[in-house]
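A.B. asks: Letter by letter, the chains look like this.
There are 2 protein chains.
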Amino acid sequence: MKIVVDAMGGDFAPEQIVKGTVDAVREYDVSVILCGDEEKVGALVRAEGGQGLPIEIVHAQEVIGMGEPPVTAVRRKKNSSIVVATRLVKEGKGDAVVSAGSTGAAMAAALFILGRIKGIDRPAIASIIPTVKGLTLLIDVGANATCTPENLYQFGMMGSIYAEKIMGIPTPRVGLLNIGEEEGKGNETVQEAYELLKNSALNFIGNVEGRDITAGKADVIVCEGFVGNVVLKFGEGLARDLLQMIKEEVKKDFLARLGAMLFFSRARGLRRRIDHREYGGAPLLGVDGVCIIAHGSSDRVAVKNAIRVAKECLENNVNGLIKETLMAVEQS
Amino acid sequence: MKIVVDAMGGDFAPEQIVKGTVDAVREYDVSVILCGDEEKVGALVRAEGGQGLPIEIVHAQEVIGMGEPPVTAVRRKKNSSIVVATRLVKEGKGDAVVSAGSTGAAMAAALFILGRIKGIDRPAIASIIPTVKGLTLLIDVGANATCTPENLYQFGMMGSIYAEKIMGIPTPRVGLLNIGEEEGKGNETVQEAYELLKNSALNFIGNVEGRDITAGKADVIVCEGFVGNVVLKFGEGLARDLLQMIKEEVKKDFLARLGAMLFFSRARGLRRRIDHREYGGAPLLGVDGVCIIAHGSSDRVAVKNAIRVAKECLENNVNGLIKETLMAVEQS
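Read top to bottom, the protein sequences are chains A and Y. This note's numbering puts the first sequence at residues 1399 to 1730. This note's numbering puts the second sequence at residues 1399 to 1730.
This is chain A alone, in the form it adopts within the complex (with noise of 0.2 Å):
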């Protein structure tokens, strides 16, 4: 099994990328394929003392940035570190494609180069929440602006058969994210949608609400890739503020200092749970391969993870159970 990496994308590339990509490489089964810069990316594993392990450099000349429009940079930059690396798991020689790089343009390279699975009319992002009970799949986060009710179906049964496989969580509960509870809430596509979900072979459970997504109300919540984008980066960004909350309290008080000093040394449990590092990136599901999109601010144990996500789409069969699925469904 050979993962392709795209050694050039993300906020601390190449060097943690290399770093976790040589972690992954020791600790699970895998071989690697780095795409990037020849020169520095080499000098990286080397000095990561990676040299008799199963990596192989791939040399990549360009690189896609953060603000650059996805769509042209994917079809200008033909030799950018995504597009090569993307271009290697269509030719046969990797099997798998992760990249901490720009989300559009792994999504771009991953649909003009891989195209979709037949039968599946949007791929869409799927990221995993925290929760008190264990952890959630939400899907779309940001894949698809607009979605029919037929592509939130199509989410939900994408979504459930990569929470049973990869999360391990048999007839995942499958939700749809809406305003309220009752069937007929919410606008004309979920209210399509809810019909949809109901009458599949899905284990659907119905609406769920904001509130009922970190309880662990359903294993898989479905929504339009505008509200999941919208509620994943709320979710990150009020973390991120409520810590700084936090530190802006214990500058002004010793003993809340304290505090909060000894609560964190102990509650590791709590930071494991709540670290996004630990469950290493999103699929994008429905794409014809296995496309891992990591958090542009991934370190060395985020891409490590990310790889073993990766490996274990590919152990699991999650593209042939999807297209098994739809098969299914055309024939019944």
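Hint data in this document are derived by calculation from the structure and do not stem from the laboratory. Misleading hints may appear alongside valid ones.
All copies of an identical chain are treated as equivalent in the list; a pair is satisfied when it fits inside any one copy or across any two copies.
What the hints assert, rightly or not - Pairs of lysine to aspartate or glutamate residues, derived as EDC-like cross-links and limited to a Cα-Cα distance of at most 16 Å, are as follows:
(1) Lys-1631 / Glu-1579
(2) Lys-1531 / Glu-1646
(3) Lys-1615 / Asp-1639
(4) Lys-1583 / Glu-1466
(5) Lys-1531 / Asp-1639
(6) Lys-1631 / Asp-1673
(7) Lys-1596 / Glu-1579
(8) Lys-1400 / Asp-1493
(9) Lys-1488 / Asp-1686
(10) Lys-1400 / Asp-1427
Given chain A's structure and the hints, the job is docking chain Y onto it.
C.D. replies: Okay, now just chain Y, sitting in the frame of chain A:
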């Protein structure tokens, strides 16, 4: 100035509603009409020593429950506390209505009985969110699942007046909630709303993302009710569940417990900042009358503050200013 309070609406009605009312009458220079079960409410007022205070009771036999379909309930239960309360404002016997009961019922009553301000297509609920820099007004948080670009522009206008007059922010920065910062991001509705806001007299600062909400990047954040409702409830749920996770950690470890106790006992400023009771309820902007919707879980502090907010809306003539702005826009 006379505020009409729905004594029967809310999880802790009528006890906490009456207590908060007595506090408000003592603290602020207002008279109150309490609508609800005359006997129960009267006994509670007396128990609080409120006999000599300017508090009237108007009997209302029925109550609209949280689970009832709002429109039907408001039409059928003519003697429910929220309908009676709103009618008193329409008849000029009171100046503003405050309710912690069913949001849908309060909204339906306001729309049917008070009507909309001429020129406002859709009233919207505005909710105050604490940020690292102060406070932000999120509008709409659930009155309208689907909105037109024109609706969103009007929310920005009404929110801007509210932020200036009630929150004391001169020339408030108005942001449009979107999934990217650049112009042209998002679905069609927000793209068109962007143009309307850009070409308006508002201090429009462009798109803001989910992660900017609690960072205080804008003073007023405009969004469809679907998105605003999900965000608001997600934030509430996240705060509740984070606290739950902290509680689980401190159960496991004595030193973590000691640290948390020490921190929370000292960090009063933080607790105050993130305590939604301090912000006292969300105005329903755009109806022809002052209508404040308090949180369902309101206790005496929240009710007192909701009455304060109603008073401030009246004193600062928020609705008059909305009408003037609409006339000025029409004439320009």
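A.B. asks: Now look at each hint and say whether the structure bears it out.
C.D. replies: Hint by hint, here is what the structure shows:
{"no.": "1", "hint": "Lys-1631 / Glu-1579", "verdict": "between (24 Å within a copy, 13 Å between copies)"}
{"no.": "2", "hint": "Lys-1531 / Glu-1646", "verdict": "between (30 Å within a copy, 11 Å between copies)"}
{"no.": "3", "hint": "Lys-1615 / Asp-1639", "verdict": "between (26 Å within a copy, 12 Å between copies)"}
{"no.": "4", "hint": "Lys-1583 / Glu-1466", "verdict": "between (38 Å within a copy, 13 Å between copies)"}
{"no.": "5", "hint": "Lys-1531 / Asp-1639", "verdict": "between (24 Å within a copy, 10 Å between copies)"}
{"no.": "6", "hint": "Lys-1631 / Asp-1673", "verdict": "within (15 Å within a copy, 22 Å between copies)"}
{"no.": "7", "hint": "Lys-1596 / Glu-1579", "verdict": "within (14 Å within a copy, 36 Å between copies)"}
{"no.": "8", "hint": "Lys-1400 / Asp-1493", "verdict": "within (5 Å within a copy, 71 Å between copies)"}
{"no.": "9", "hint": "Lys-1488 / Asp-1686", "verdict": "within (9 Å within a copy, 61 Å between copies)"}
{"no.": "10", "hint": "Lys-1400 / Asp-1427", "verdict": "within (10 Å within a copy, 73 Å between copies)"}
Hint compliance for this structure: every hint is met.
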